[in-house]
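J.: One-letter residues, chain by chain:
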Amino acid sequence: MAANAQSLASPSNPSTAALCSKPALAYAQAMAHTPDDSALMLRYGDGDVQAFEMLYRRHKDAIYRYLLRLSGHRDSADDIFQDVWGKIIKARESYRPTAKFTTFLYRVAHNCFIDYVRRNKRHSTNTVLEPELHSDPGESVEMATERRLARERLEIALGTLPEEQRDAFLLHEEGGLSVDQIATVTGCNRETAKSRLRYAVAKLRNAIDEPAERS
Amino acid sequence: MTTESNHNDPRVSEAYKGLATEMTPPELDRKILAMAAGKSRSRYGVARAWVRPVAWAATIGLSLAIVLEISQLGYQATPQLDADNRTQREPAKRSDVPAPVQPSVPTAKQASSPPAAAEAAPARDVELDTDSVTVSDDFVADDMSMLREAEEQARSRAGSDPATAAAVEALSFGAATTLEKKEQVRYCDPDLRSSAETWYTCIEDLRAQGLADAAESELVLLLTEFPDFEESKQSR
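Residue numbers (my numbering), protein chains in the order written: chain A, 1 to 215; chain B, 216 to 451.
No lab work stands behind these hints: they were computed from the structure. One thing to keep in mind: the hints can contain errors.
Now the in silico label distances, taken between C-beta atoms and shown as ranges [said to hold, decoys possible]: (1) A:Arg57 x B:Ala272: 26 to 34 Å; (2) A:Lys90 x B:Arg226: 22 to 30 Å; (3) B:Glu237 x A:Glu142: 36 to 44 Å; (4) A:Lys121 x B:Gly253: 30 to 38 Å; (5) B:Ile281 x A:Arg57: 48 to 56 Å; (6) A:Pro162 x B:Pro225: 18 to 26 Å; (7) A:Glu142 x B:Thr236: 30 to 38 Å.
Away from chain B, derived, C-beta distances all over 12 Å, residues of chain A [claimed, not checked]: (8) Thr34; (9) Pro35; (10) Ser38; (11) Val49; (12) Arg96; (13) Ala99; (14) Lys121; (15) Val141; (16) Cys188; (17) Ser195.
In silico lysine-lysine, DSS-like type, Cα no more than 27 Å apart, as pairs [what the hints assert, rightly or not]: (18) B:Lys246 x A:Lys87; (19) A:Lys90 x B:Lys246; (20) B:Lys254 x A:Lys90.
Think of the CB as a built atom: it goes at the ideal place given N, C-alpha and C, for glycine as much as any other residue.
Using the sequences and the hints, build the whole thing.
T.: Take a look at the structure:
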């Protein structure tokens, strides 16, 4: 984000030079084009369905992947996903932008997942999802194969992580949440959240770097 | 390596991003967007359901209130007109009553004309006519005071302009003449008319005031009412 802002503001970009000369105007235009999540939610609370659509399209894939990796089942992910957005829709009138919208959204998703697990005692997360493979056209066969194997190893490692560590890792990767925000979402203290995230990253790094040991 | 970098490994992030490319199924998108639109519509649908009838009711209520207010204002503003109309309508009503068939007695329609009534109407018809005039007497007093007020105001506004002053004089003369015509009818009250002597005294007063026509009409009425009355005896 910051990198994008810098590249936009660079004098070499003639289209943004005018914007840079009028920072207030540029800020206003930027705000007008990319409304804040909280503002969109408030607009939806006022009945603006398009605001919700924008908000939904902004977060839907990340939330879906978060729930898919967390639950390990597409059907479960679908159910929880609907539940999450249903709660977001229901909360449109009572929503107050006291915290970052992403934190609110992932907290709802996390709680929905916990509720789902409680409702379905037989739920297991040991299923390994089939990765959707996309190879680059100019990539050699060896490189493509190596990349595919690395992803498979990561997928397996992610599936074998303890649920709390996987949750912390997914919140960090998909939601872009900081350690403090992860602590808020998962309802633990900062150190615990940081520790879970660190262990998760370490295990996944080992899975990528040392495939021979695992096999 | 800092603690922060322990939970931020770019290679792991890159590998994960390459792995996690799943998208939300389109049917889920449709479901959720429809749900969002439906909930929003239902809330505003409820609002629309009562806003329109309330708006209509408010419009009708306000319109009725305005009409009532205007009609009440109109009713208050036209009592004088009503009274005038009554004085004009009264003789017309009376004209519905068939006039007694007498030779040389004018019709009721003729009697409705005040000068004619004053000159030659028989006592009964004249009595009817004076009744109608009596109804408007209250308003005569109002007319007088209003005219005098208007006259004073006009004079004060005219100031030293001779042309305007002359116009005001002319108008006030006309108004005074009209008022005098009205006043002459009421000079002799019914009390005074109760006896020939008192009535005649009233007539003499009228003459003394220079209202000869009024005095003459009153005398005719007196002679009609009291045929035995002799004027010459009284004047002596």
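J.: Now tell me, hint by hint, if it's right for this structure.
T.: Hints, one by one, checked against the model:
1. Under the hint 26 to 34 Å, the C-beta atoms of Arg57 (chain A) and Ala272 (chain B), about 42 Å apart, miss the expected range.
2. A beta carbon spacing of about 40 Å between Lys90 (chain A) and Arg226 (chain B) contradicts the range 22 to 30 Å that was offered as a hint.
3. At about 26 Å, the CB distance of Glu237 (chain B) to Glu142 (chain A) disagrees with the hint of 36 to 44 Å.
4. For Lys121 (chain A) and Gly253 (chain B), the Cβ-Cβ distance of about 33 Å falls inside the hinted range of 30 to 38 Å, so the restraint holds.
5. At about 52 Å, the CB distance of Ile281 (chain B) to Arg57 (chain A) agrees with the hint of 48 to 56 Å.
6. In this structure the hint that Pro162 (chain A) and Pro225 (chain B) lie 18 to 26 Å apart at CB holds, the actual value being about 23 Å.
7. Range check, Glu142 (chain A) to Thr236 (chain B): about 21 Å between beta-carbon atoms, so the 30 to 38 Å window is missed.
8. Interface exclusion of Thr34 (chain A) from chain B stands, the closest Cβ pair being 20 Å apart, more than 12 Å.
9. Even its closest Cβ contact with chain B, about 17 Å, leaves Pro35 (chain A) beyond 12 Å, as expected for a residue assigned away from the interface.
10. Under the 12 Å C-beta cut-off, the non-interface status given to Ser38 (chain A) relative to chain B holds; the minimum distance is some 17 Å.
11. With a least CB separation of 5 Å from chain B, Val49 (chain A) falls inside the 12 Å interface cut-off, contrary to its annotation.
12. For Arg96 (chain A), the shortest C-beta to C-beta distance to chain B comes to about 18 Å, beyond the 12 Å cut-off, and the non-interface label holds.
13. Non-interface call for Ala99 (chain A) relative to chain B: holds, since the shortest CB-CB distance, roughly 21 Å, exceeds 12 Å.
14. With a minimum CB-CB distance of about 25 Å to chain B, Lys121 (chain A) clears the 12 Å threshold, and the non-interface call stands.
15. The beta carbon of Val141 (chain A) sits about 17 Å from the closest Cβ of chain B, which is more than 12 Å, so the claim that it is off the interface holds.
16. For Cys188 (chain A), the requirement that its beta carbon stay farther than 12 Å from each beta carbon of chain B is met, with the minimum near 15 Å.
17. The beta carbon of Ser195 (chain A) sits about 9 Å from the closest Cβ of chain B, which is not more than 12 Å, so the claim that it is off the interface is violated.
18. Straight-line distance between C-alpha atoms of Lys246 (chain B) and Lys87 (chain A) comes to about 14 Å, which keeps the hinted pair within the 27 Å bound.
19. Restraint check: the Cα-Cα separation between Lys90 (chain A) and Lys246 (chain B) comes to about 15 Å, which is no more than 27 Å; the hinted pair holds.
20. Between the alpha carbons of Lys254 (chain B) and Lys90 (chain A) the distance comes to roughly 8 Å, so the proposed pair stays at or under 27 Å and holds.
Violation of the numbered hints given earlier is confined to hints 1, 2, 3, 7, 11, 17; the remaining hints are satisfied by the structure.
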